[in-house]
Amino acid sequence: DAKTTQPTSMDCAEGRAANLPCNHSTISGNEYVYWYRQIHSQGPQYIIHGLKNNETNEMASLIITEDRKSSTLILPHATLRDTAVYYCIVRRTGANSKLTFGKGITLSVRP
Amino acid sequence: DVKVTQSSRYLVKRTGEKVFLECVQDMDHENMFWYRQDPGLGLRLIYFSYDVKMKEKGDIPEGYSVSREKKERFSLILESASTNQTSMYLCASSGTPVLETQYFGPGTRLLVL
Chain A
7 DAKTTQPTSM DCAEGRAANL PCNHSTISGN EYVYWYRQIH SQGPQYIIHG LKNNETNEMA
67 SLIITEDRKS STLILPHATL RDTAVYYCIV RRTGANSKLT FGKGITLSVR P
Chain B
3 DVKVTQSSRY LVKRTGEKVF LECVQDMDHE NMFWYRQDPG LGLRLIYFSY DVKMKEKGDI
63 PEGYSVSREK KERFSLILES ASTNQTSMYL CASSGTPVLE TQYFGPGTRL LVL
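Sequences listed follow chains A and B, in order.
Take the first sequence: its position 17, counted from the start at 1, is 23 in this note's numbering, and no numbers get skipped.
Take the second sequence: its position 29, counted from the start at 1, is 31 in this note's numbering, and no numbers get skipped.
Hints are not guaranteed to be accurate.
Using 30 Å as the maximum straight-line C-alpha spacing, the simulated DSS-like pairs for lysine-lysine come out as follows [claimed, not checked]:
| hint | chain 1 | residue 1 | chain 2 | residue 2 |
| --- | --- | --- | --- | --- |
| 1 | B | Lys59 | B | Lys20 |
| 2 | B | Lys72 | B | Lys59 |
| 3 | B | Lys57 | A | Lys9 |
| 4 | A | Lys109 | B | Lys57 |
| 5 | B | Lys72 | B | Lys55 |
| 6 | B | Lys5 | B | Lys59 |
| 7 | B | Lys5 | A | Lys109 |
| 8 | A | Lys109 | B | Lys59 |
| 9 | B | Lys57 | B | Lys5 |
| 10 | B | Lys15 | B | Lys57 |
| 11 | B | Lys5 | A | Lys58 |
| 12 | B | Lys57 | B | Lys20 |
| 13 | B | Lys55 | B | Lys5 |
| 14 | B | Lys20 | B | Lys5 |
| 15 | B | Lys55 | B | Lys20 |
| 16 | A | Lys9 | B | Lys59 |
| 17 | B | Lys20 | B | Lys72 |
| 18 | B | Lys5 | B | Lys72 |
| 19 | B | Lys57 | B | Lys72 |
| 20 | B | Lys15 | A | Lys109 |
| 21 | A | Lys109 | A | Lys9 |
Partner residues aside, some chain A positions facing chain B, computed with beta carbon under 8 Å [stated by the list, open to error]:
| hint | residue |
| --- | --- |
| 22 | Gln48 |
| 23 | Pro50 |
| 24 | Tyr52 |
| 25 | His55 |
| 26 | Leu105 |
| 27 | Phe107 |
| 28 | Gly108 |
Label pairs and their computed distance ranges (CB to CB) [stated by the list, open to error]:
| hint | chain 1 | residue 1 | chain 2 | residue 2 | range |
| --- | --- | --- | --- | --- | --- |
| 29 | A | Thr85 | B | Pro41 | 23 to 31 Å |
| 30 | A | Thr32 | B | Gly44 | 13 to 21 Å |
| 31 | B | Glu64 | A | Pro82 | 43 to 51 Å |
Keep in mind the hints are simulated off the structure, nothing from the lab.
Yeah, the Cβ is synthetic: ideal placement off N, Cα and C, and Gly gets one too.
For reference, chain B alone in the conformation it holds in the complex (with noise of 0.2 Å):
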């Protein structure tokens, strides 16, 4: 079973803390992406990763950054929290080739005060 698994799944931070959330996945994906899903909007694409240090901007990019620095790994930095950070934020990742089936973490529920 592919496995993706991020690091909380509460976090409470203060404004202008700098945020990172981990996602890690067993399957040898080449292809990671963050969401976040709020009320009313559905899933929306924050960043996404389909190699090693390679990363593409998704729907709604500002005030976020990403790394992936090993294949497993990708990272959400909120650089400066904001309280319209306050989000369910998902990591999903997917192999190559065809059909790219997303498979998604449990999800960080992140409360920015």
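Okay, chain A solo, but in the shape it has when bound (with noise of 0.2 Å):
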């Protein structure tokens, strides 16, 4: 599976938009873009998922480059419970495809 990369952590303030990059520039054509998060002391939780549109869904929105070589998740207002460890994944579709989860991001949010 294709290597991301991320920043080490961002902040922003409560009821702002949180934007969250990652850098995929290896990834293939068959290879989705997944994001989870973790909440401390938490399992990771899923967010969204896309192959090359943008996705929205109820807790944020997936935007992909047209090259497919980098993404954007958006929280469109961030709220104090959405500090945590954000992954940005790369991964094949198919049986069994485990997810590889990097360092991630640290957002924090404040008041």
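Hints are included, so try docking the two chains, each in its own frame, into the full complex.
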């Protein structure tokens, strides 16, 4: 699976949009971009995934560049409960494809 | 909503003890996974199962075994616990086909003394 690169940390003000970037320059055509987050001492939580089109759900939006070499996760109105480590993962579909979590980006939402 | 539950949030065991970690999912998922998470090492896959009574080794299976007698339940067994197995253990499940998004349980923090 392709490797991803994320900044180590970022912060944003409560109520503002949080834009979390991810680079995946070696992504191949059959690989999806997944985002998970992990709040301290809890299991990872699935957020969103996409292939090449932008995606939106009740939690977030995912913007993937046209060349698919990078993406941005957008939390439109960050709350204190969104403080977590966010992982960008690229993986193939197919049976039993494991998730490889990197170091992720620590998002701190300040009041 | 998908629900993955793990038998304990915190567990303290002694070296040499046999340890059972249980995981149950309620979404009729075919695939189940056991990971461990350690600071600086991220999540590492121990074992996974894609069907009842089927199992496959992950990246770090040594010192562990698994059991999947029923579709909803996947057990991780530490045959003889050692201090280097102190870790956070995470169970996940996913359905088929296509994208197989994995859903995680809350984790079990195991301390081996």
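Just to be careful, I want the Cα atoms of Lys72/B and Lys55/B compared with a cutoff of 30 Å; is the pair within it?
8 Å, holds
Note whether the CB distance of Thr85/A and Pro41/B lies within 23 to 31 Å or breaks it.
For Pro41/B against Thr85/A, whose Cβ atoms are near 26 Å apart, the range 23 to 31 Å holds.
Can the restraint linking Lys9/A and Lys59/B be considered satisfied, given a maximum Cα separation of 30 Å?
22 Å, holds
Sort out whether Lys58/A lies within 30 Å of Lys5/B, counting only the CA atoms.
With Cα atoms ~29 Å apart, Lys5/B and Lys58/A stay inside 30 Å; holds.
Holds or violated: the hint that Pro50/A contacts chain B, with Cβ atoms closer than 8 Å.
The hint holds - Pro50/A has a Cβ within 8 Å of chain B, the shortest such distance being about 5 Å.
Distance restraint between Lys57/B and Lys5/B, which requires alpha-carbon spacing of 30 Å or less:
22 Å, holds
What's the verdict on Lys55/B and Lys5/B, does the C-alpha distance respect the 30 Å limit or exceed it?
22 Å, holds
Within 30 Å, alpha carbon to alpha carbon, are Lys109/A and Lys59/B?
OK: Lys109/A and Lys59/B at ~23 Å, within 30 Å.
For the pair supplied as a hint, Lys57/B and Lys9/A, is the alpha-carbon distance within the 30 Å limit?
27 Å, holds
If you draw a straight line from the CA of Lys72/B to the CA of Lys59/B, is it 30 Å or shorter?
19 Å, holds
Under 8 Å is the threshold here; is the Cβ of Gly108/A close enough to any Cβ of chain B for the hint to stand?
Where the cut-off is 8 Å and the nearest Cβ of chain B is about 6 Å from Gly108/A, the hint holds.
His55/A was flagged as interface toward chain B. Is the shortest Cβ-Cβ separation under 8 Å?
7 Å, holds
Of the numbered hints stated above, none is contradicted by the structure.
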